[in-house]
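Q: One letter stands for each residue in the lines below.
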Amino acid sequence: MTTGKMSNENTEEAAALQAQIEHLQAEVSALRRQQKDDQKDVTFHFRGQMQNAMLSLCGQRQGDEKVLSMLMEEVEELEEDLKLQTQMNGISLTGCTTKTLQSSGRKLVQQLCVSGHCSELLFQVEFQLSEVNEASGCVRTISELNVVIDAGEMQNFSSFLSGVEESRDLLLFFRTLRSFSDRCDDRRRTFQHFQEKYPAVVSLPAGCRSEVMHLSHPELPGCVLLVHWSVHVSREGGVSPKVELLTKIPERALQLFPSQAVGGAAEAFQSLLRILGAEAALEAVIMAVSLS
Amino acid sequence: MTLQPPKSNTSATTSGCFHLKQRNVHYSTQHKYSQNMEVATTKGVLSHLSRLEVQKRSLKSQPQQPGGVKALRATVEALLTQRDQLRAEIQTHKNIKKLRVSMDKQCTNEEEETEEGMDEDSENSNLLRLMARHTQLKDLLHAHNVVGGYNVVKTRQGKGVCVSVATFYEGVYLNTYNLEIDVKPTVRISRHNVPPFIPLNNLAEQSNMQTDLRTLLDPLSQHLNAFAGRQQQFKFVKELHKSVEVMESNVLCSLLVLKFTVPREKTAVLCSLDYTDCTRSLPTRVHFESDGRICLVQKFPRLYITCHLADAFIKRDL
Chain L
1 MTTGKMSNEN TEEAAALQAQ IEHLQAEVSA LRRQQKDDQK DVTFHFRGQM QNAMLSLCGQ
61 RQGDEKVLSM LMEEVEELEE DLKLQTQMNG ISLTGCTTKT LQSSGRKLVQ QLCVSGHCSE
121 LLFQVEFQLS EVNEASGCVR TISELNVVID AGEMQNFSSF LSGVEESRDL LLFFRTLRSF
181 SDRCDDRRRT FQHFQEKYPA VVSLPAGCRS EVMHLSHPEL PGCVLLVHWS VHVSREGGVS
241 PKVELLTKIP ERALQLFPSQ AVGGAAEAFQ SLLRILGAEA ALEAVIMAVS LS
Chain Z
1 MTLQPPKSNT SATTSGCFHL KQRNVHYSTQ HKYSQNMEVA TTKGVLSHLS RLEVQKRSLK
61 SQPQQPGGVK ALRATVEALL TQRDQLRAEI QTHKNIKKLR VSMDKQCTNE EEETEEGMDE
121 DSENSNLLRL MARHTQLKDL LHAHNVVGGY NVVKTRQGKG VCVSVATFYE GVYLNTYNLE
181 IDVKPTVRIS RHNVPPFIPL NNLAEQSNMQ TDLRTLLDPL SQHLNAFAGR QQQFKFVKEL
241 HKSVEVMESN VLCSLLVLKF TVPREKTAVL CSLDYTDCTR SLPTRVHFES DGRICLVQKF
301 PRLYITCHLA DAFIKRDL
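So the protein lines, in turn, are chains L and Z. Under the UniProt record's numbering, the residues of the first sequence are numbered 1 to 292, in order. Under the UniProt record's numbering, the residues of the second sequence are numbered 1 to 318, in order.
Not everything, but these chain L residues come out facing chain Z in the computed CB check (under 7 angstroms):
no., residue
1, Glu13
2, Ala14
3, Leu17
4, Val28
5, Cys58
6, Leu82
7, Leu84
8, Gln85
9, Gly90
10, Leu93
11, Gly95
12, Thr98
13, Thr141
14, Arg168
15, Phe174
With a cut-off of at most 25 angstroms between alpha-carbon atoms, the simulated BS3-like pairs for lysine-lysine come out as follows:
no., chain 1, residue 1, chain 2, residue 2
16, Z, Lys105, Z, Lys138
17, Z, Lys94, L, Lys99
18, Z, Lys154, Z, Lys184
19, L, Lys36, Z, Lys94
20, Z, Lys105, L, Lys40
21, L, Lys40, L, Lys107
Beyond 12 angstroms from chain L on every Cβ pair, some chain Z residues (computed):
no., residue
22, Asn178
23, Thr186
24, Asn193
25, Asn201
26, Leu203
27, Lys235
28, Val244
29, Leu252
30, Ser254
31, Lys266
32, Leu270
Hints are computed from structural coordinates only; laboratory data are not their basis. Beta carbons: idealized from backbone N, C-alpha and C, even for Gly.
Let the sequences and hints guide you as you build the complete structure.
A: Okay, structure coming up:
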């Protein structure tokens, strides 16, 4: 009878299989722990179409073509959404990296680094974002804010930036940046408009994004009126444009024309500015310079 | 300063767009949900295995049945599949993360576009690339929300939009105010939960909202944030100074009269703060009065500093 021998082999095999099971169980537990760790980073915790795509790549789902097209659809929706947010918010975000520092049931702490540009002004902000689930709802806070902007504009912004980092006012930073960018755009449009309309009189030696516009009559190259249009940012985040008229007229010319009209041009311009506003006041000055 | 918990994001009095998907994702709550899912599947395998364990122990005294071995073999197969699946998922995860890092670098022009030698076939690498882009887009959209974006959502097949204005003070996100705006035939605010003492209609009239909605939203945000800042300061002043009594204040938080009493001194100081500029959270005028002495100052940074100054005033240092 072979039953006895068979049962011995079975016992051996069973023991071997049991050992293998225990070994595999340990492996699987370790892998699950690792996966849980990987998914602590919220960005890489996949749901919906992303989860389907993941399973398809790992051989568990059939119908790969469908998975690709459905994910493609979702990605296109996200691209559209991003365009919409960019347009409405007036800022272009080009990069956002997140690092999850702490992730428990009730609390999530992430380190974010966001970079982008507002019109042509580049920025990069880094901060910690905490989300805590309390009885009254989800409380979000920011800490350790660090802001860096385009080196060229640092001077203008330095007192504002130190204030914003101190008060951790991330949102004020962006509101102010946008406001500043809008006022700079106003200036650029106005300068470009006048250069196109009065090319003989108006010149922009430092480009249309500069703060200075030169006005001079072609037959009097030595006499120049400088329009200095600066955009000032206060520590509180108040953005205020300041337009000034400066004259660069040789002594001899001033002697020939002693009237206040030339010498007192700067002050007269300020009055004109108050009454007509920047564009109209500038146009009036240009008309005067072109002697038409 | 203590954290001030915000009021709920949506108001019970308005509906419509407030039911739409919130981009302001509460990551921690969604994270918790899927953790529970994982626990459920793990329990399934583990309970099966423990049943086998019990079975094995009860059969130890008897000769092994072939059926027992068969069951064990099946368990091993199941575990092998599970292990391989997990390994594949973890590897894919790694690949996506790697792709994402190189995509981030491309966006900031740090690196030229290079092909990361992936040993997947081209269809798989397309899918991976798409997945990495998906994570990038989600992060960018999250960032738009976090930095105080207007969270614009198109509604009614493009006939309307919903926007929300976030308020923030001293590192804490406070209330969000929502507006439902008709876009066709003209741009018009249809519903909102902006408090009545904020001059929304004036701002709308003064803006260029027909062509650029931001000309309304930016000033509105300024007003709301200044109000939120004043409101927070008013709430905190009591906690900072036990001897403070609020004599007068208004809903707009543009006027505050405080009474500081110093028991030892048996004197009281009346402090009036005017916030005449509603776009600012700092006072335009601060006025101390006590025992016939008056002190008028022009500006102060934050309200709690005013409280310190009140102390100084009482002690005749000011």
